[in-house]
Amino acid sequence: MPGLSFLSPLFLLGALAIAVPIALHLFQRRTEKVVPFAAVRLMHGAPVEEQHRRRLRERVLLALRVSALLLLAFAFARPYLVGANSGGAMPMTVVAVDVSMSVSGRGQFDAARALAREAIDDAPATHLVAVVRFDDHATVVAPPSSDRGAALAAIDGLEAGVGGTRFRTALSRAAEVIGPQGGRLVVVTDLQRGGWDASDEGSVPDGLEIVVRIVPAPEGNLAVTSVRREADGVAALVHNYGERLVRVPVRLAIDGQAAGAMEIEVAAQASGEARFAVDVPARGALLIEIDDRDGYPGDNRRYAVLDPPPAVPVLVLTAEAVLSNAGLYLQRALEVAGGDAPFEVALIDGRRFSASPSLEDRAAVFISGTRSLNREGREALAAYLQSGGQVFLTLGPDVDIATLRDTVGVAIGVEPDPVRASGGATTLVPADTRHPVFRPFSSPAAAFGDVDVTEYRQVREEAGWRVLARFAGGAVALAERPVGAGRLVVFASDLDTRWNQFPLNPAFVPFVVEMARYLTSGRQAQHTWTLPEAPPGHDGTPGIVEMEAPVAGGVARRAAVNVDVRESNPAAMTAEAFDANLTRRAAVARPAAESEAREQEAQQRLWQFGLLVMLVALAGESFLGRRAV
Amino acid sequence: MAAVMRSNFLDPAVVARLGTLDLKAKTIVEGFLSGLHRSPFRGFSVEFAEYRQYMPGDDLQTIDWKVFARSDRHVVKKFEEETNLDCHLLVDVSASMGYGSQGVTKIEYASYLAGALAYLMNRQRDAAGLIAFDDRIVQMLPPSARPGHLVSLLVALERLTLGHRTNVAKPLGDLARALSKRGLVIVISDLLDDPARVIEGLKHFHHRGTDVIVFHVLDRDELTFPFDEAARFRDMETDEEVLASPAAVRGQYLQEIEGLVARYRRELGASGIDYCLLDTSQPLELALMAYLSARGRAL
Numbered sequence: 009m010p011g012l013s014f015l016s017p018l019f020l021l022g023a024l025a026i027a028v029p030i031a032l033h034l035f036q037r038r039t040e041k042v043v044p045f046a047a048v049r050l051m052h053g054a055p056v057e058e059q060h061r062r063r064l065r066e067r068v069l070l071a072l073r074v075s076a077l078l079l080l081a082f083a084f085a086r087p088y089l090v091g092a093n094s095g096g097a098m099p100m101t102v103v104a105v106d107v108s109m110s111v112s113g114r115g116q117f118d119a120a121r122a123l124a125r126e127a128i129d130d131a132p133a134t135h136l137v138a139v140v141r142f143d144d145h146a147t148v149v150a151p152p153s154s155d156r157g158a159a160l161a162a163i164d165g166l167e168a169g170v171g172g173t174r175f176r177t178a179l180s181r182a183a184e185v186i187g188p189q190g191g192r193l194v195v196v197t198d199l200q201r202g203g204w205d206a207s208d209e210g211s212v213p214d215g216l217e218i219v220v221r222i223v224p225a226p227e228g229n230l231a232v233t234s235v236r237r238e239a240d241g242v243a244a245l246v247h248n249y250g251e252r253l254v255r256v257p258v259r260l261a262i263d264g265q266a267a268g269a270m271e272i273e274v275a276a277q278a279s280g281e282a283r284f285a286v287d288v289p290a291r292g293a294l295l296i297e298i299d300d301r302d303g304y305p306g307d308n309r310r311y312a313v314l315d316p317p318p319a320v321p322v323l324v325l326t327a328e329a330v331l332s333n334a335g336l337y338l339q340r341a342l343e344v345a346g347g348d349a350p351f352e353v354a355l356i357d358g359r360r361f362s363a364s365p366s367l368e369d370r371a372a373v374f375i376s377g378t379r380s381l382n383r384e385g386r387e388a389l390a391a392y393l394q395s396g397g398q399v400f401l402t403l404g405p406d407v408d409i410a411t412l413r414d415t416v417g418v419a420i421g422v423e424p425d426p427v428r429a430s431g432g433a434t435t436l437v438p439a440d441t442r443h444p445v446f447r448p449f450s451s452p453a454a455a456f457g458d459v460d461v462t463e464y465r466q467v468r469e470e471a472g473w474r475v476l477a478r479f480a481g482g483a484v485a486l487a488e489r490p491v492g493a494g495r496l497v498v499f500a501s502d503l504d505t506r507w508n509q510f511p512l513n514p515a516f517v518p519f520v521v522e523m524a525r526y527l528t529s530g531r532q533a534q535h536t537w538t539l540p541e542a543p544p545g546h547d548g549t550p551g552i553v554e555m556e557a558p559v560a561g562g563v564a565r566r567a568a569v570n571v572d573v574r575e576s577n578p579a580a581m582t583a584e585a586f587d588a589n590l591t592r593r594a595a596v597a598r599p600a601a602e603s604e605a606r607e608q609e610a611q612q613r614l615w616q617f618g619l620l621v622m623l624v625a626l627a628g629e630s631f632l633g634r635r636a637v
Numbered sequence: 002m003a004a005v006m007r008s009n010f011l012d013p014a015v016v017a018r019l020g021t022l023d024l025k026a027k028t029i030v031e032g033f034l035s036g037l038h039r040s041p042f043r044g045f046s047v048e049f050a051e052y053r054q055y056m057p058g059d060d061l062q063t064i065d066w067k068v069f070a071r072s073d074r075h076v077v078k079k080f081e082e083e084t085n086l087d088c089h090l091l092v093d094v095s096a097s098m099g100y101g102s103q104g105v106t107k108i109e110y111a112s113y114l115a116g117a118l119a120y121l122m123n124r125q126r127d128a129a130g131l132i133a134f135d136d137r138i139v140q141m142l143p144p145s146a147r148p149g150h151l152v153s154l155l156v157a158l159e160r161l162t163l164g165h166r167t168n169v170a171k172p173l174g175d176l177a178r179a180l181s182k183r184g185l186v187i188v189i190s191d192l193l194d195d196p197a198r199v200i201e202g203l204k205h206f207h208h209r210g211t212d213v214i215v216f217h218v219l220d221r222d223e224l225t226f227p228f229d230e231a232a233r234f235r236d237m238e239t240d241e242e243v244l245a246s247p248a249a250v251r252g253q254y255l256q257e258i259e260g261l262v263a264r265y266r267r268e269l270g271a272s273g274i275d276y277c278l279l280d281t282s283q284p285l286e287l288a289l290m291a292y293l294s295a296r297g298r299a300l
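So the sequences go chain by chain: A and B. Number 637 marks the last residue of the first sequence (the working numbering); no jumps. Number 300 marks the last residue of the second sequence (the working numbering); no jumps.
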């Protein structure tokens, strides 16, 4: 028998609020005093019938108010119907069907459907059945029910896509559906080896019976694994996951127009390169396509965008004239950053900057010296920081400590006299290795351990500073703090090889680039997406995606969305290997039951009806209330 | 003018605090009569009957020496010891008479008035009787001028209890049919009944040659409807409730009550019936004046 249950039953206590309108109703009745009067027969203004009508209206108003409050509490308690189709305490057979790209080979998914149907047919008569589809995500397509026809229909409606395989996600979701009453989980999959992603999380309870129905993998698969622009054309890599050499027709299209075709030989379990010597436009979209009738169709095409990514404007501010070496290392390090996030670096000395200070379009400012800044220049920098600007400040010999407060807008506690390192030199020690600027270093301590610094300035570690690195003696070497709406990062020595040789260290360029990316995060454009990651609002179909301009009136950007090449490898594991990778946990009934309840509540959405009826009741109350005497 | 009258006469609320009805009636009447010495009504209380020839044994104090000076005859004044005026005090004891907002209810006011009138009648050797009624006659004391009768009447007035619905016409009709002697009928009621039936009933007396005085007793609230909060107005006789906002019904109500009073005044006056509207905050002496005026006509 269907029954009503609640996801958040404590909200039902809110129904006690009905005491308020009831009390007001009763109180109001009591305050409407009765006046014994002798000449009532002479009063014709308010006949007795109206009194009855008013009583009725008051009762209706009370009923509407009470109903509105009850419905509000009802809606917040998130009700759902627990019925014959909801699972109850019956054991269950859940069929988890792999719909990733690795089951999209010829005939594979038909086999998968057949296996899934068999699993439904073989389910014990006492079991409810449910169907979960999974790739990168797991979705219940047929909720637990005794209606096997619905489950079979859901299976018939499944199609393989271009997503990846995530076994842990699928198993965890299916286990949630089964819940504490237990049952059987049938996994219909090709057992792709890459399906056990280490970053994937999920487990199944101990004792859950898991049956694997294996969809045969194709004998081989050809996949376009990369496309890139070359100086003389376009190069594409095609990988052969099969066990025999194949000849592969490869076609190139630029902006939808065929631009070349060739056939290449690709050895077994190897990659072959297809190079097209064509004139490649500065802007446009590339498509490399191969023919692979037996493999997965999703990886037969690969897309790339030729549009140069918009460079992020960065300013390097020096104390000396441009002809000197000041700021040179910073400039060069920033200029080598390419790929999807290049920087447009401008080098300027303090005098020229002060003459016409303009920082509005600068994503970040690197300061190697401030001595030549005049008041206008300092004020412009301070205002830039206050309004959200990002500043990297080196505290080398070209920095005027006396005017530093004016330059950054706040007192940052720097001792005016430089400190000479004891022993002649000290090294950098990252204090917060999780910080984004240390991301490219597998071992930040080792990378910065051989940076010799002979002189630096003492930065007082005051409130507000976040120390990212220290000198070996413990003094602050690299720190950041918010200034107004902006951010100031301070390096306590210089980056012009006068107090240290850091610019000549291998860690310098990645450090500066990551620092620039950190400071300009949010200003770079992403041109390539690999599923399941996709641009906001995109449906996850591989191809070229037109994205809206980031600002009004700006240029619309394009991005290429491609499948994850890890999904192209059809190599499968054995059922034993699959089972060995399973993460089992002690069965905990409550979370699973709660999860099922949440799912049922989400499907039924009775709270929406409750709120709708509540609004109708309030509208009626408002209408009647206005008519009340 | 009202303020002046209040200063000369007794406030009914003050009268209400006096002990027994006997004392109340005496206070009202004696005060009233002492006031009459300064009023145009002087002389109504002197009951002179006739002259007759002095007979040996007569009290010398009774000889009218002025007549002896003019006519050289000894005559004595003869004062009439008894009167031929029968007066019926009809007091409405229906439930609506229980209303009061001025420190005294209408039934109390009616009792004081009837008591004072009875006291005055007794003092003037008139025979006073009492009939209490609601929709029927609930108590009846035949008129009598005996000194002990006044006490009985005052006790009866003091013991009056509120009855049910008003039906002035029926007891009036019953009484009119029972009266065999001309006299005076004084009706003390709030007359909250069908005015046509009330007037018709009163006319019965007049047609039989009986003088009628109607004291229409109403509370100040009934005349001004001073309420300002919405309330359920419950009829004191029928328990019928009317939910009303006073601001909304005041105009209509006042129009109704003024129309009712005007109709009584007009139609009763046209029938030769004295009509006197009293609100319970008015001094009872005004009612006594009305009585004396009517009595003068009745004799």
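Please keep in mind that the hints were generated in silico from the structure rather than gathered at the bench. Where hints are given, some of them may not hold.
Facing chain A, from chain B, some residues (calculated, C-beta under 8 Å) [unchecked claim]:
#: 1; residue: LYS67
#: 2; residue: ARG233
#: 3; residue: TYR254
#: 4; residue: GLU257
#: 5; residue: ALA271
#: 6; residue: ASP275
Ideal Cβ placement from N, Cα and C applies to all residues, glycine included.
Do the numbers back the hint for B/ALA271, that is, is its least Cβ distance to chain A under 8 Å?
23 Å, violated
Mind checking the CB of B/ARG233 against every CB in chain A and telling me if the closest is under 8 Å?
The hint holds - B/ARG233 has a Cβ within 8 Å of chain A, the shortest such distance being about 5 Å.
Does B/GLU257 pass the interface check with chain A, least Cβ-Cβ distance below 8 Å?
4 Å, holds
Taking the closest Cβ pair, is B/ASP275 under 8 Å from chain A?
23 Å, violated
Taking 8 Å as the limit, does the beta-carbon of B/LYS67 come near enough to a beta-carbon in chain A?
Since chain A brings no Cβ nearer than about 56 Å to B/LYS67, farther than 8 Å, the hint is violated.
May I ask you to test the interface hint for B/TYR254 with respect to chain A, counting a Cβ-Cβ separation under 8 Å as satisfied?
Cβ of B/TYR254 sits 5 Å from chain A, so the hint holds.
Of the numbered hints listed earlier, those contradicted by the structure are 1, 5, 6.
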